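Taken in order, these protein sequences are the chains called X and Z.
For the first sequence, my numbering gives the first residue as -8, with consecutive numbering after it.
For the second sequence, my numbering gives the first residue as 2, with consecutive numbering after it.
Calculated directly from the structure, the hints in this document are not laboratory data.
Note that this is a predicted model, so its numbers are computed, not measured.
Treat the hints with care, as some may be off.
As the list claims (entries may be wrong) - Examples of chain X residues toward chain Z, derived with CB under 10 Å:
hint : residue
1    : 90
2    : 95
3    : 194
To be verified - List time: in silico EDC-like cross-link candidates among lysine to aspartate or glutamate, alpha-carbon distance up to 16 Å:
hint : chain 1 : residue 1 : chain 2 : residue 2
4    : Z       : 46        : X       : 158
5    : X       : -1        : Z       : 242
6    : X       : 107       : Z       : 71
7    : X       : 8         : Z       : 105
C-beta: ideal position from N, C-alpha, C; glycine also.
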Amino acid sequence: MLKGMLSKPENTKLYWKELMHQCAEIGIGSLGIVAIISIFMGAVSALQTAYQITSPLISKMVIPQIIRDTVILEFAPTLICVVLAGVVGSKIASELGNMRVSEQIDALEIMGINTKTYLILPKIVAAIIMIPMLVIIAMVLGIYGGRLTVGASGIISTDTYDRGLMEQFTPYNVFFAMMKAYTFAFIISSIPAYFGYYVKGGSLEIGKNSTTSVVVSCIVVLIADYILAALLL
Amino acid sequence: MIEFKNISKKFGDKVVLDDVSHQMLTSKTNLIIGSSGSGKTVLQKCLVGLFEPDEGMIIYDGKDFTHMNEDERKLLRQQIGMLFQGSALFDSMTVEDNIKFPLDMFTKDSTPAKLKRVNEVLERVNLVGSNKKFPSEISGGMKKRVGIARAIVLNPKFLFCDEPNSGLDPQTSMLIDKLIYDITHEFKMTTIINTHDMNSVMEIGDNILYLKDGKKEWTGNSKDIIFSDNKNLNEFIFASEFLQDAKHMRMLEAGKKA
């Protein structure tokens, strides 16, 4: 499938338009859920970290550091991509599956259009562009969610939280998170595209393939998460 | 003209097409008829390249389609229009955008020129004023006509129709048949139609291929069918008493004229 989609576009302008459309669908379409999850993710991390630090010997300044590193290293790239595997992945699989079952893909093929290039490539490229951006937004909002919570619940002051964030910051963690984001973006767009494009049968099979694609994507994301951590950390 | 020789196709152990050869004539409505599972759709999909035949050769105007590379096939496919059984319109596009899509993809015409062409074909299929409607907002018969408009917008040399009358009432079916027949002769296209509809067979069957169990059983035209003594064909075409009576009436009329 991947080899088949790397052919010369019949009309670059139309492919560009499709890419922009997919960027809007994947990026802007997922922004709301990413924002809500990220803020709550940071907020819950703040409360649970504070709850677990009971020793008076440990400075409260470590709370923002723990929140920052867990959000950047794991929560923002992995948790958000698992959620996006459901949101974006099921949409890609069901959209392509419906096009296959209703013969729209055949109609494009008969027109002389390479359907893999026209339908799948823009989705994968859009995911690779937009999902890392969503992960960056998730990092910022996750850390901000933690700040709101520590301030509101009086665990530490927001000034202390801000100072804690600046301490022992490792920029490599952001690089590592971005590597994960690019890898996961490819996984959660290409696997559902495969399941959707090659669906056989009717609406029941579209549903089944869509669910299978999300499950497989999530498992592959977690395996890739482990491999990347073992290789890059 | 489309000619195919010794086409065979298997799915697993099941032989769907067995050594089928025939010629589809230019400026004629060429019908492929047969009961469900006789191999009509598979044959049509082989002809347009959606399935690869296991054996045999398909020739478009003297060019061997079976041995063309992907680029050559893409070029040829731009001369092919196809009307699908379910119309296969793009759900997210309006009627106008559906018809304009092949123009956007394959021509460098200006937008006004494309819209002019869209309106021309919409007028040809009697759908003036439906430009901004979505497929979900129009009837089955209108969807078929939009499908025909999209299929002919690039002036194809070959038009394929997969069961164009399925799910339509008899009156709309007749309109669709007449439209396909008129377009075929007007634009001198080679039209290939898969159908179950006996009215279509009688009204527009210029060149008919009857398939039975994946084999070529009979060929002829709508007039030949009346006088055919092929038992399987007669059982298939004149299945009901009403149709048998109609056959006898036609034979009597032909006898009187003679």
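To see whether the hints hold, each was checked on the structure:
no.: 1; hint: 90; verdict: holds, 8 Å
no.: 2; hint: 95; verdict: holds, 5 Å
no.: 3; hint: 194; verdict: violated, 13 Å
no.: 4; hint: Z:46 / X:158; verdict: violated, 66 Å
no.: 5; hint: X:-1 / Z:242; verdict: violated, 57 Å
no.: 6; hint: X:107 / Z:71; verdict: holds, 13 Å
no.: 7; hint: X:8 / Z:105; verdict: holds, 12 Å
Comparing the model with each numbered hint stated earlier shows that hints 3, 4, 5 do not hold.
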